[in-house]
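Make the full structure from the sequences, and use the hints.
There are 2 protein chains.
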Amino acid sequence: MLTISQLAAYAGVTVRAVRHYHKVGLLPEPERDRSGYRIYNAAAVVRLIRIRTLADAGVPLARVQELLDAGPEEFAGGVQEIDKDLRAEIRRLQDTRSRLARLAAGEHLALPQSVVDYLDRLRGLGVGERYIELERDAWIMIAAQVPHLIDSVIARKHEELDDPDMVRLYSFFTGEPDWRAGDPRIVEVADVLERLMIRAVEAGEVGADGFDDQFVALMDSTMLESAPGAELVLAILEERGWSGWTRIERVPADRLNTELPPS
Amino acid sequence: MLTISQLAAYAGVTVRAVRHYHKVGLLPEPERDRSGYRIYNAAAVVRLIRIRTLADAGVPLARVQELLDAGPEEFAGGVQEIDKDLRAEIRRLQDTRSRLARLAAGEHLALPQSVVDYLDRLRGLGVGERYIELERDAWIMIAAQVPHLIDSVIARKHEELDDPDMVRLYSFFTGEPDWRAGDPRIVEVADVLERLMIRAVEAGEVGADGFDDQFVALMDSTMLESAPGAELVLAILEERGWSGWTRIERVPADRLNTELPPS
DNA sequence: ATGGAGGGTTGACCCAGCGTCAAGGTCAAG
DNA sequence: CTTGACCTTGACGCTGGGTCAACCCTCCAT
Chain B
1 MLTISQLAAY
11 AGVTVRAVRH
21 YHKVGLLPEP
31 ERDRSGYRIY
41 NAAAVVRLIR
51 IRTLADAGVP
61 LARVQELLDA
71 GPEEFAGGVQ
81 EIDKDLRAEI
91 RRLQDTRSRL
101 ARLAAGEHLA
111 LPQSVVDYLD
121 RLRGLGVGER
131 YIELERDAWI
141 MIAAQVPHLI
151 DSVIARKHEE
161 LDDPDMVRLY
171 SFFTGEPDWR
181 AGDPRIVEVA
191 DVLERLMIRA
201 VEAGEVGADG
211 FDDQFVALMD
221 STMLESAPGA
231 ELVLAILEER
241 GWSGWTRIER
251 VPADRLNTEL
261 PPS
Chain C
1 MLTISQLAAY
11 AGVTVRAVRH
21 YHKVGLLPEP
31 ERDRSGYRIY
41 NAAAVVRLIR
51 IRTLADAGVP
61 LARVQELLDA
71 GPEEFAGGVQ
81 EIDKDLRAEI
91 RRLQDTRSRL
101 ARLAAGEHLA
111 LPQSVVDYLD
121 RLRGLGVGER
131 YIELERDAWI
141 MIAAQVPHLI
151 DSVIARKHEE
161 LDDPDMVRLY
171 SFFTGEPDWR
181 AGDPRIVEVA
191 DVLERLMIRA
201 VEAGEVGADG
211 FDDQFVALMD
221 STMLESAPGA
231 ELVLAILEER
241 GWSGWTRIER
251 VPADRLNTEL
261 PPS
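Going down the list, the sequences are from chains B and C. Heads up: the first sequence begins at 1 in this note's numbering, then just goes up one per residue. Heads up: the second sequence begins at 1 in this note's numbering, then just goes up one per residue.
Don't read these hints as lab results, they were simulated from the structure. Check before you lean on any hint, since a few could be wrong.
[Claimed, not checked] Which chain C residues stay away from chain B? Per the calculated CB distances, all over 12 Å, these: (1) R50; (2) S98; (3) R136; (4) A155; (5) R168; (6) S171; (7) D183; (8) E194; (9) I236; (10) I248.
[To be verified] Below, a list of computed lysine to any residue pairs in the SDA-like style, where the Cα atoms sit at most 25 Å apart: (11) B:K157 to C:K157; (12) C:K84 to B:L86; (13) B:K157 to B:V127; (14) B:K157 to B:V251; (15) B:K157 to B:A181; (16) B:K84 to C:L93; (17) C:K84 to B:R99; (18) B:K84 to C:I90; (19) B:K157 to B:I186; (20) B:K84 to B:P60; (21) C:K84 to B:L93; (22) C:K84 to B:G58; (23) C:K84 to B:K157; (24) C:K157 to C:L122; (25) C:K157 to C:G229.
[As the list claims (entries may be wrong)] Just so you have them, the derived chain C footprint on chain B, three or more residues with Cβ under 8 Å: (26) 27–39; (27) 140–147; (28) 217–228.
Nothing here was measured: the structure is a model prediction, and the numbers come from that model. Ideal placement from N, C-alpha and C gives every residue a C-beta, glycine not left out.
Here it is in structure tokens:
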């Protein structure tokens, strides 16, 4: 007759594991001696070894139960199913690995390559790092929101950058984004922006963009929070009958100055 | 400004996950509105997306923290280390798979092929299934106890089976193992056994066997528990100056009937 | 008989990464 | 005013045990 530690030693497991198997019902609780110690026989050793063999083979404890009591057919079936799970888990980890590799290669977190290229183009235009970070954060959100559209959206952005006015616009953003009211650049930026907007409207490029209204509002509020100058530019443009930032719209004349957009 | 569920939706995570990230300090707790609701801004969306990106890539949350705040070099280093962990985990699962495959192929739990073959040979001799199970359980314990010796032990057993007396011995075990006192086969078995023992002693095959005493006692007690006839056979053999079962020994004449082995 | 060593016992907290109630407060709309 | 959707904190569950804590039992030497 064996004590729990002897049993555990014979089966090559820890005492704690044996008690755990008792608790989950894998190994029946044996008799106790008069002092309360569990006393085991060889049958327990055998059962415990079989449990260990299955558990070491990757069988979840919950399934060890069924497999131990199963006939050869159910046993084979169960083993196959467990192998299927293992294969799936391995594939999952391999997917994870390749994602991790892409992530390390791209070196820009949560951004597809096309966006990284676009940001590099902005850098090439002399745009300051602080503005780049603002853009980057916006693109992170856009990429998360509409991952299937991101490449086409970026393509359109590249086309827009072929317009000299757009290049001129970005050339304003070389320093820190802390413009104050009265900065002469603000009106200049508004002028350039208005020209761009007019051209966009004429080209019929204004309309459904695939984003929902809330998301557009979120993007706008981010810009306004991060760049104080943006608010001033927006104010000028609103006087001239434009509203929006992420998504530009012509405001009908009769609504001007009567219904302000929620800030 | 966003509620927690809007934030979660933008980042593609669950509300519960967001709160979890707050608890573990990955995402700073934002301001609350007057009713206690958390209110988020776009910066939180961006940070949450970056957290998700890393977490989805298999980075443990504890490490996401460092990676988010790390420069490009530490980032690359951290990613490499995580990849190493992933590779190790994949290899572990693959090992598990092959073990599982061997287990399914062997179809006999916790037994090496050599033992399965040996049991098949016994079956071929007409030994009953119940006895086979007794043998099998004993071999499970032996294989667990001395896995490195199991093949040589089995080889010796095969040699023993070349002895016609051993075949004769096993030929007794074709039915149920519930022999009662008075069964004439008991004496016959004892006779055969004694002849085998004598020959083993003469061949010098008795002695150190690589098992410890406790283990031998355990094996003996199993046999005695499972097969009532074994006890009777043992009694006869003890009268004739033998002791042990798993490990046979000549008892010196002066100890006969004075010191019985503990049952 | 007594003290210490070295077993044993139950119970409870710990790890990751949340899912899932529970029990109640808030908000917007009809 | 009610309803239903959403928010809050808190706590338990899952896997497979590891690691104390606090106390009991047995054996051996003194």
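Hint check:
With a minimum CB-CB distance of about 5 Å to chain B, R50 of chain C fails to clear the 12 Å threshold, and the non-interface call is violated. A cut-off of 12 Å between C-beta atoms contradicts the statement that S98 of chain C is not in contact with chain B; the least separation is 9 Å. A beta-carbon of chain B comes within 12 Å of the beta-carbon of R136 of chain C; the shortest separation is about 9 Å. The beta carbon of A155 of chain C is kept farther than 12 Å from every beta carbon of chain B, the shortest such distance being approximately 22 Å.
In this structure R168 of chain C is separated from chain B by more than 12 Å, as the shortest Cβ-Cβ distance comes to about 27 Å. Listed as a non-interface residue, S171 of chain C keeps its Cβ farther than 12 Å from every Cβ of chain B; the least gap is roughly 26 Å. The Cβ of D183 of chain C lies farther than 12 Å from every Cβ of chain B, with a closest approach of about 24 Å, so its non-interface assignment holds. Once the 12 Å rule is applied to beta carbons, E194 of chain C is consistent with being away from chain B; the minimum gap is 26 Å.
The non-interface label for I236 of chain C is consistent with chain B: the shortest C-beta to C-beta separation is roughly 23 Å, beyond 12 Å. Residue placement check: I248 of chain C keeps its beta carbon more than 12 Å from all beta carbons of chain B (closest about 19 Å). Straight-line distance between C-alpha atoms of K157 of chain B and K157 of chain C comes to about 81 Å, which puts the hinted pair past the 25 Å bound. A hinted pair counts as satisfied when its Cα atoms are at most 25 Å apart, and K84 of chain C with L86 of chain B qualifies at roughly 19 Å.
A threshold of 25 Å between alpha carbons decides the hint, and for K157 of chain B with V127 of chain B the separation of about 15 Å falls inside it, so the pair holds. Simply put, K157 of chain B and V251 of chain B have alpha-carbon atoms about 24 Å apart, close enough for the 25 Å limit, and the pair holds. Of the supplied pair hints, the one linking K157 of chain B and A181 of chain B is violated, its CA atoms being roughly 29 Å apart against a limit of 25 Å. Distance restraint check for K84 of chain B and L93 of chain C: the Cα-Cα separation of roughly 12 Å lies within the 25 Å cut-off, and the hinted pair is therefore satisfied.
Annotation: proposed proximity of K84 of chain C to R99 of chain B holds, straight-line Cα distance about 14 Å (limit 25 Å). A C-alpha spacing of about 15 Å is found between K84 of chain B and I90 of chain C, which places the hinted pair at or below 25 Å, so the restraint holds. Proximity of K157 of chain B to I186 of chain B is assessed by CA-CA distance (about 22 Å); at most 25 Å being required, the pair is judged to hold. With a CA separation close to 13 Å, the supplied pair K84 of chain B and P60 of chain B stays within the 25 Å bound.
Between the alpha carbons of K84 of chain C and L93 of chain B the distance comes to roughly 12 Å, so the proposed pair stays at or under 25 Å and holds. Between the alpha carbons of K84 of chain C and G58 of chain B the distance comes to roughly 21 Å, so the proposed pair stays at or under 25 Å and holds. Pair hint K84 of chain C plus K157 of chain B does not hold up; C-alpha atoms about 39 Å apart against a cutoff of 25 Å. Between the alpha carbons of K157 of chain C and L122 of chain C the distance comes to roughly 11 Å, so the proposed pair stays at or under 25 Å and holds.
Taken as a hint, the K157 of chain C and G229 of chain C pair is honoured in the structure, with Cα atoms around 22 Å apart against an allowance of 25 Å. With 0 residues carrying a beta carbon less than 8 Å from a beta carbon of chain C, the region 27–39 of chain B misses the three-residue requirement, and the given coverage is violated. Given as covered by chain C, the region 140–147 of chain B passes the check, having 4 residues with a CB less than 8 Å from a CB of that chain where 3 are the minimum. A stretch counts as covered by a chain when three or more of its residues have a beta carbon under 8 Å from one of that chain; for the region 217–228 of chain B and chain C the count is 5, and the coverage holds.
Violated hints, listed in ascending order, are 1, 2, 3, 11, 15, 23 and 26; each of the other numbered hints is respected by the structure.
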